[in-house]
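Engineer: This is what each chain is made of:
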Amino acid sequence: MTPLLYLLAAQAPDPEVIDRIPSGFSPFVLPFTIGVAFMFSWIGVGLIRLLAAIPKSDRIKFAKSLFIPKTALKNIKDLFCDCLFHVKIWQRKPLLGYMHSAIAFGWFMIIILGHIEVALFVPARLNVTRGGLFYPIFYRYFVWMNPGHTTLRGAFFFFLMDFFLLYILSGIALAIFKRFRSIVLGMRHTTKPSLADRVALYSLWMIFPLRLLAESFTADLSGGSFLTVPVNHFWHFLFGDKLWFMPTWWAYSICLGLFFAAMPFSRYMHILTEVLWILLRNAGIEPNHPRKGVAEAEIYACSSCGLCLDACPMNVQKKNLKYSSVYFIRFLRRHNEKKINDIADKCLMCDKCHALCPVGVNAPALRRAQRATVNNAIPFDYSYLSTASGSTLAGETHATLGTVRGGTGASLCEASGGAERSEAVARPRVLPETATGKVLYFAGCMTHLTPRIIKSVEKVFKAAGVDYVFADREGGICCGRPLMLAGRKEAAAKVIEANKKMIEESGCDTLVLSCPICLKVFKEEYQLQGIRIVHYTQFINDLIASGKLAVKNTGEKIVYHDPCELGRGCGIYLEPRAALGQVGTLVKASKEYDESICCGGSLGSLTLDMKDRGKISESSLDSLLANDPQTIVTACPLCLKTFSEAVSNSKGPRKDVKVKDFAEVICG
Amino acid sequence: MVDFGFGLVPSSRINLDLFDKDKYRELVKIEPDARICMACGSCTAVCTAGKFVHTSLREAIEDILNAKNDKALESLQACQLCGKCSMVCPRGINTRHLILSINKVYSAK
Chain A
213 MTPLLYLLAA QAPDPEVIDR IPSGFSPFVL PFTIGVAFMF SWIGVGLIRL LAAIPKSDRI
273 KFAKSLFIPK TALKNIKDLF CDCLFHVKIW QRKPLLGYMH SAIAFGWFMI IILGHIEVAL
333 FVPARLNVTR GGLFYPIFYR YFVWMNPGHT TLRGAFFFFL MDFFLLYILS GIALAIFKRF
393 RSIVLGMRHT TKPSLADRVA LYSLWMIFPL RLLAESFTAD LSGGSFLTVP VNHFWHFLFG
453 DKLWFMPTWW AYSICLGLFF AAMPFSRYMH ILTEVLWILL RNAGIEPNHP RKGVAEAEIY
513 ACSSCGLCLD ACPMNVQKKN LKYSSVYFIR FLRRHNEKKI NDIADKCLMC DKCHALCPVG
573 VNAPALRRAQ RATVNNAIPF DYSYLSTASG STLAGETHAT LGTVRGGTGA SLCEASGGAE
633 RSEAVARPRV LPETATGKVL YFAGCMTHLT PRIIKSVEKV FKAAGVDYVF ADREGGICCG
693 RPLMLAGRKE AAAKVIEANK KMIEESGCDT LVLSCPICLK VFKEEYQLQG IRIVHYTQFI
753 NDLIASGKLA VKNTGEKIVY HDPCELGRGC GIYLEPRAAL GQVGTLVKAS KEYDESICCG
813 GSLGSLTLDM KDRGKISESS LDSLLANDPQ TIVTACPLCL KTFSEAVSNS KGPRKDVKVK
873 DFAEVICG
Chain B
820 MVDFGFGLVP SSRINLDLFD KDKYRELVKI EPDARICMAC GSCTAVCTAG KFVHTSLREA
880 IEDILNAKND KALESLQACQ LCGKCSMVCP RGINTRHLIL SINKVYSAK
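One line per chain: the protein sequences are A and B, in this order. This note's numbering runs 212 ahead of the 1-based position in the first sequence. This note's numbering runs 819 ahead of the 1-based position in the second sequence.
Think of the hints as simulated: they come from the structure by calculation, not from any bench. As the structure is a prediction and not an experimental result, all values here were calculated from the model. Check before you lean on any hint, since a few could be wrong.
Claimed, not checked - Coverage of chain B stretches by chain A, computed from C-beta distances (three or more under 8 Å per stretch; other residues unrestricted): (1) 870 to 883; (2) 894 to 902; (3) 906 to 918; (4) 921 to 928.
Unchecked claim - Part of the chain B face toward chain A, derived, beta carbon under 10 Å: (5) ASP839; (6) ILE849; (7) GLU850; (8) PRO851; (9) VAL865; (10) THR867.
The beta carbon of each residue, even a glycine, is placed where N, CA and C say it ideally should be.
Modelling step: build the complete structure from the supplied sequences, incorporating the hints.
Structural biologist: Take a look at the structure:
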């Protein structure tokens, strides 16, 4: 890098590499230089705008996170695994993983090795004023290898450069093949590229074949290895002694320039934005607007790869492809308000696209933020929540080892007149004195419409001798999750506040929930200090494991459906399976764990109609019945209801499949 | 003035001249299910908010047709969007979106 080093290299009596063109410039580098300069200035301005749009507290949090050892280590790990090696794509579809990492990692290595070569052989050229921007890229054009002085070191680099070029070319070949037959690489649907995507895509396809062409044309001057030298011989054989190599270098430079100029408007923006998004994500900064600030980094980190297309349960019907996350993000980029809202409202919020996204783009969160821009402003009146004291919201009764004390909440609905009604609500009601149970069971609205769950849960609790309080035996209020899903954060906060008060006043230390929708919001939004929040599958599994609950294995063939909010939402996959393994024989569904398909009944979607939901239920059933189970077991009241209907509507042997709740199966 | 011996309570008087066709068309466009309600009242029967204050989707739909838009909004302002009504609706109406849509269309001045 220093002038001294450069002098030493140049003045050595027999240098290995000779700077062929003393000016270090040739007009063909212009297209590339202009393209890359445009791209960097665009991104520079974008980065400043983005950071300015983030609230100051988040900016400080972000800056700090870079120096916290734990986060910094995670950053490094994520950058290598996600950006360079694409571990997530490898795990999901090995061929796609190979394709992508061949292009990304191979290209990265070629750029790095090119710079190392320049630093070793002509260090002065790394200086920006002396062509540092383009010289390492077109290194092979500018130098002449001294034939009288070849070293092992030089040959090593020649080999590496050719090796990585071949590696990239294999990736490009797969990528071109994928355009025509994506299914071979494991993708049924692929994203429809936009205009800028096409420009960038076709130039990307051309860059590396052209690089091979250009380098092979000059391989006899500037050196090469197993790939470029034989090709060079072939050109000599074809065109004679003197090769006219300028057009190949021009073409290479033009393609590079085109690619970089189109990059900010295309899917390839993710190459650089992904880095920023990973840092922001690991710093724990969440978008509070669907388009501005952090969200901007997130939507530009989307690579439009289209893995979410095959993942989305709605895409069982081709007409719904347009509602996938990849298109949602594309329209967010384009500020197409009408389409953004349509797409945001359609989604089932099953979170599968987020769970499978190689870049970790949380599209469901962006959709919620988008819904909030429309729905948060809708007026509401929850004053009735504050006039009712905590414990009146849920008419609790206390059950100790099966002795059920009288329900006290029935009076909530007994009043009919307006004035009387508010009185009835305001009447304070306290927990019975005898309440010693530290376990609070909250069934939730949906569970009350599927009372067989409540019945079975109580039966299990009784059998295991659990001393518990039933928080909403006579009905409670909503947990707030449906409001959150509709983007009505302010309204949700009111409901959450009221429920929180009720739970804190109860003095419980364990809160058991039978609805995964409730579980998700209780865990994320309630911040209940010192209270363990568990799903009944976890609680019952603990009871069995600790020997408090005896179960017998009937040998029934059971398939377990992972409810979205329980599996992907709260990460609970193993406990229900462990417990079910004790009462029957678990068989596999074709898609399970984080790949499980939404039942179609999700509260997440605002606009999906019954017909489309029915199709989703069918495809989910297909997956569950892959191994001929006798019983479908689920742990969510909505899934239970949806599957019960889907099975009763179906024809043939399917009609005989039983649909049961987790607790029902446990108590036999 | 001749007294015919009968009359209407002003609060229950229906004035269809006030029926806002444009808004209703807009509502039906964003949520076509608004038309298929058969007023069975299942939604109202299970309503979570309805246990505390008067909340009724059935009445809201009727009020809109009777040109009582403000009353319709009042019937829905306590709704918690919990979705129980969509679980019980025999017509398969997307009740949550209908409620949001009525709010959006009729609270816009």
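Engineer: Take the hints in turn and mark each one as holding or not.
Structural biologist: Checked hints:
no., hint, verdict
1, 870 to 883, "holds (count 4)"
2, 894 to 902, "holds (count 7)"
3, 906 to 918, "holds (count 6)"
4, 921 to 928, "holds (count 3)"
5, ASP839, "violated, 18 Å"
6, ILE849, "holds, 8 Å"
7, GLU850, "holds, 8 Å"
8, PRO851, "holds, 9 Å"
9, VAL865, "holds, 7 Å"
10, THR867, "holds, 5 Å"
The structure is inconsistent with hint 5 alone, although it conforms to all the rest.
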